[in-house]
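**Student:** The residues making up each chain are set out below.
Protein chains: 4
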Amino acid sequence: MKLTEEQNREIKEQQSQENITKRVTAPELENILYDAIPILDHGFIRVVDYMGNDTSIVQSARVSYGKGTKKVSTDSGLIKYLMRHWHSTPFEMCEIKYHVKLPIFIARQWIRHRTANVNEYSARYSILDKEFYLPEPRHLAAQSQSNRQGRGDVLNGEHAKKVLELLKGDAEQTYNNYETMLNERYDGSIIDKDARGLARELARMNLTLNTYTQWYWKTDLLNLMNFLRLRADHHAQYEIRAYADVMLETLKKWVPITYEAFIDYRVGGTEVSAKGKELIKKLIDGKNISLDESGLSKREWNELMEAFEQTEKLI
Amino acid sequence: MKLTEEQNREIKEQQSQENITKRVTAPELENILYDAIPILDHGFIRVVDYMGNDTSIVQSARVSYGKGTKKVSTDSGLIKYLMRHWHSTPFEMCEIKYHVKLPIFIARQWIRHRTANVNEYSARYSILDKEFYLPEPRHLAAQSQSNRQGRGDVLNGEHAKKVLELLKGDAEQTYNNYETMLNERYDGSIIDKDARGLARELARMNLTLNTYTQWYWKTDLLNLMNFLRLRADHHAQYEIRAYADVMLETLKKWVPITYEAFIDYRVGGTEVSAKGKELIKKLIDGKNISLDESGLSKREWNELMEAFEQTEKLI
Amino acid sequence: MKLTEEQNREIKEQQSQENITKRVTAPELENILYDAIPILDHGFIRVVDYMGNDTSIVQSARVSYGKGTKKVSTDSGLIKYLMRHWHSTPFEMCEIKYHVKLPIFIARQWIRHRTANVNEYSARYSILDKEFYLPEPRHLAAQSQSNRQGRGDVLNGEHAKKVLELLKGDAEQTYNNYETMLNERYDGSIIDKDARGLARELARMNLTLNTYTQWYWKTDLLNLMNFLRLRADHHAQYEIRAYADVMLETLKKWVPITYEAFIDYRVGGTEVSAKGKELIKKLIDGKNISLDESGLSKREWNELMEAFEQTEKLI
Amino acid sequence: MKLTEEQNREIKEQQSQENITKRVTAPELENILYDAIPILDHGFIRVVDYMGNDTSIVQSARVSYGKGTKKVSTDSGLIKYLMRHWHSTPFEMCEIKYHVKLPIFIARQWIRHRTANVNEYSARYSILDKEFYLPEPRHLAAQSQSNRQGRGDVLNGEHAKKVLELLKGDAEQTYNNYETMLNERYDGSIIDKDARGLARELARMNLTLNTYTQWYWKTDLLNLMNFLRLRADHHAQYEIRAYADVMLETLKKWVPITYEAFIDYRVGGTEVSAKGKELIKKLIDGKNISLDESGLSKREWNELMEAFEQTEKLI
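Residue numbers (our numbering), protein chains in the order written: chain Z, 1 to 315; chain G, 1 to 315; chain H, 1 to 315; chain X, 1 to 315.
Read the hints as simulated data drawn from the structure, not as lab findings.
Just so you know, these numbers come straight off a predicted model, no measurement behind them.
Idealized CB from N, CA, C, for every residue including glycine.
Wrong hints could be hidden among the right ones.
[To be verified] Per the computed footprint, the stretches of chain Z lying under chain G, defined by three or more beta-carbons under 8 Å from a beta-carbon of chain G, are: (1) 24-34; (2) 47-54; (3) 84-93; (4) 114-122.
[Said to hold, decoys possible] Below, in silico cross-link-like pairs of lysine-lysine (DSS-like), each with a Cα-Cα straight-line distance of 30 Å or less: (5) H:Lys-313 - Z:Lys-277; (6) Z:Lys-168 - X:Lys-162; (7) G:Lys-277 - X:Lys-162; (8) G:Lys-130 - G:Lys-168; (9) H:Lys-12 - Z:Lys-252; (10) H:Lys-2 - H:Lys-12.
Please put together the full structure from these sequences, using the hints given.
**Tutor:** Here it is, written out as structure tokens:
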């Protein structure tokens, strides 16, 4: 990731602020506020604003439950209780805003989370930077044979090299032709002073999906956790997980108690179906049970055995 | 409005904070942060947190429009442009959180605005305070004859007095019986030590709709303006308008440039239909036109004439 | 539940329709379309429209996954897979609309589910019917001692009788005074021809929270299941569960395959935290483990043991 | 637009249904149900399901307003009233579902409307078709000089030809390399049986933004009108307007009364700011007023004069 001089200056300026406020703060998060944390080859993520911290959740819950909550001794105990019982509204009382630079094909996955506010760089209005995502060789994996939306083995050196050449060549060529059609280069210089350029809203269609875009993305803590639960998961595509992993770190700095409960109850937890409960119960009781008797499909059976590390029972 | 000692202590404590932050602040709003501003007889509204200010809107818009926005000379010019052309997403980048105490029948109107986060005091969990709304005599109006959801003349003194006696008597009696059923008083004291109380989740059904409740209510700036546009309007019921009017003041302190644009383009503006445009055009051109020729209903005609202060043309 | 003659005529009329459509239908649901199913003493629920059935979910999923889904042999297999892996968007492709009559204090719980469309009877505009909820004696329970938002034992006969008298007396008195203030009775007759009535938007505040209201409530299948998962649960207040239970039956008639998967994976399932997984794993492996070693709170331990019916391990 | 044989068969099958239902229907819409209406060079839009019609709006409004609405004589009068006064919830009671095939860069504009349900074809899961958007020469316009997000004059023949060659060449090349990387062609045939293909979730990043995708898109009538108001407007990019224009036609067939009110009050209407009202008032009163005195910016002045066709007053 290479920031422009202008971006560096803006970040410096933002970070030099020392404002006095009566609002609650999150000191650990303040330490990295506005920092551009590099992700992939040209992407980054920056926390640019936030509202509330762990105490805001507790305070909202105490408004809801009134005098009754006084007996819960600790903030941590209350937050764990709320997380365990899916009391979601207190977590909506905190808000965070990120500035993200990311490849368009990842932006298209990301935007499927609707309960967020977004301002994206408009290629209708301005010219996109000449930056596109090229995976590192260790992330160039073959299509999985077993899982239609997964990756298998990493490609060998020669194969990877060839793929990268294709990706790089096509991205550069389409970007160059984008400039040709615009009659303008990414730095704003005009190519042919006597000619007119194609409308930006049309020329952009020639770019490939690994071109980088950027946006401001703002959401509340509950919806952030919903996002992270899906996108920091090993089923998620590596490229979006790279962002989610960094966001998990910002979550930890922002609301450390909530983070801990989130890891225990959501990220590290598992769900068991009604039939699965029957099976687990019998296993605990030391009874033998066959796949057929369980009523589970083979796939469900194996998912359950893996969740509880019963590898010798895999079928 | 009478705050409990505990509430006063909490507010003092919150206001004594002096935290350092790199986030942007809204100095005018900081001045009233946590203050309980009285509304109606027992209600209040407090700003308890916020995120962003006018510059946050400008910054988000500049991310969207990229290099292209640099030419717009002023923040004020850009915000007015965004407001005029319904570019809504930059306004979603600011967030505010209120603590509100309000009668239940007003809470029921308020909650119809769905794009907000809410934590309400739970009468399933705790006992509601013995506080209910009694209108001032000057707000006790007769049913409007012309508008089914409006108010007409104020009731005369005798009539108003009788209404207030009924409201007060019923609220007190139902609250007393609420305590009797609970076998517990609002201060937590038990009425009959040898008896059991009815479940709180049941007993609450005996309360009248003017009983006060409270909640934390958090929304973004765009949805706050949508709320205020409807609820600070003269068509809104007086009791919710009383809250909206105070919120308008907090809007002014928070984002003064946005406030000004909002008043010009939304609150003070009007909408003209396709048929209405034809009519106005002809009036400007000095042509006479009858109600029939206009294609408008009598009601639409009058609404339009009032909007442009053509009182002599009212039908 | 007593329907007015007018309502009965309207339902008859709606049910007599025989329209031809190219849309998919849900024959079992058609059988009960528009029926007013009684709930509590005066409430009801009616399915008044719907869109899609189980095949709509399958079709949307196949658009998403493209040619890849062809190998999944059955609709049932695909729907179970979607449910298990929280692929939520295909379930959003079905929509249902209910007409519900319910006490106001239950409406206030219900409305907290924001992702739905609502049109409620307006007491600002019209006069509410003289109907209020009075629980059956077997539902008049004492406050739970252990759970602040739960019920304990049923009140004994004498006690229950007294509570019912209070509820009934207060509801009738406040309703009568509502009429007095309005100077109009619920049937539209004027009380005193020489007097003016208080504005409806004000008079309504005198009603108690067990007064019945009604609304049209429309939501998609995903959000309906989210609602039912919380409200058909034994932690939910009995009065809202009574509605949720009937809605579960309509779900079964509408989308029988989805219903079955919903019961297996959501309603009958359970969640296990990271720490809980460790504990279950050790139990399956036949190892002893103490509460302290588990890292769980006593409450979490017991909830887990109950989920897997290990009653002898309760602490 | 060329449908595959399979798609044609599916459409035929869907259209041959003759189901009996007690639900209300929209006969004009039934006539085109499932039809693939061609848009742009390879795109289409199909109405695949709907719920409700004009009478559903009326019915919901009558539930809200209760006995009070009986006096409004006609459905048309009531719908116009609701539209004029922004009573939005009754319009949420109708729902429609489209199947849309569209270029990715248009899909990215479209998805910014968040209050809708979407199932998009997954290029993580399956291979995208070899279809990309190439504008007709008459739509190849130069960048507007005055409006950064608009189009100016159409390119001349030679220029247009060159642009099309670039677009076509790049789209074909990047698609071919997409197949090469996948080691699989769009028809499913394997290129090199001894080689492995790159994961689909990675290979897709090589495609250009004019590649076609498809989705199911479902929304309620209110949000559909919000979408159409912005996207059928002359400020919208031509390519999305092409879809919006066809959707306007489906709106007309579905809810003809609502359509008429929508055209009068929204599409054909205009908004006037507080300052604009002052100006219009003075013009009607026959007074002269200068730009300076009006308090409007030059741009606002001109927009207002254009709205009311006062072309001789343009500055």
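**Student:** Now tell me, hint by hint, if it's right for this structure.
**Tutor:** To see whether the hints hold, each was checked on the structure:
1. By the rule of at least three residues with a Cβ nearer than 8 Å to a Cβ of chain G, the coverage given for the region 24-34 of chain Z holds, with 5 such residues.
2. For the region 47-54 of chain Z, the proposed coverage by chain G is satisfied: 4 residues have a C-beta within less than 8 Å of a C-beta in that chain, meeting the threshold of three.
3. Given as covered by chain G, the region 84-93 of chain Z passes the check, having 4 residues with a CB less than 8 Å from a CB of that chain where 3 are the minimum.
4. Beta-carbon proximity to chain G at under 8 Å applies to 6 residues in the region 114-122 of chain Z; the threshold of 3 is reached and the given coverage holds.
5. Annotation: proposed proximity of Lys-313 of chain H to Lys-277 of chain Z holds, straight-line Cα distance about 16 Å (limit 30 Å).
6. Proximity of Lys-168 of chain Z to Lys-162 of chain X is assessed by CA-CA distance (about 24 Å); at most 30 Å being required, the pair is judged to hold.
7. Taking the CA atoms of Lys-277 of chain G and Lys-162 of chain X, the gap is near 44 Å; set against the 30 Å cutoff, the hint is violated.
8. With a C-alpha separation of about 12 Å, the suggested pair Lys-130 of chain G and Lys-168 of chain G falls inside the 30 Å cut-off, and the hint holds.
9. For a cut-off of 30 Å, the pair hint linking Lys-12 of chain H to Lys-252 of chain Z is broken: about 59 Å separates their Cα positions.
10. Among the hinted pairs, Lys-2 of chain H with Lys-12 of chain H is consistent with the structure: their alpha-carbon atoms are about 15 Å apart, no more than 30 Å.
Of the hints listed earlier, those the structure fails to meet are numbers 7 and 9, in rising order.
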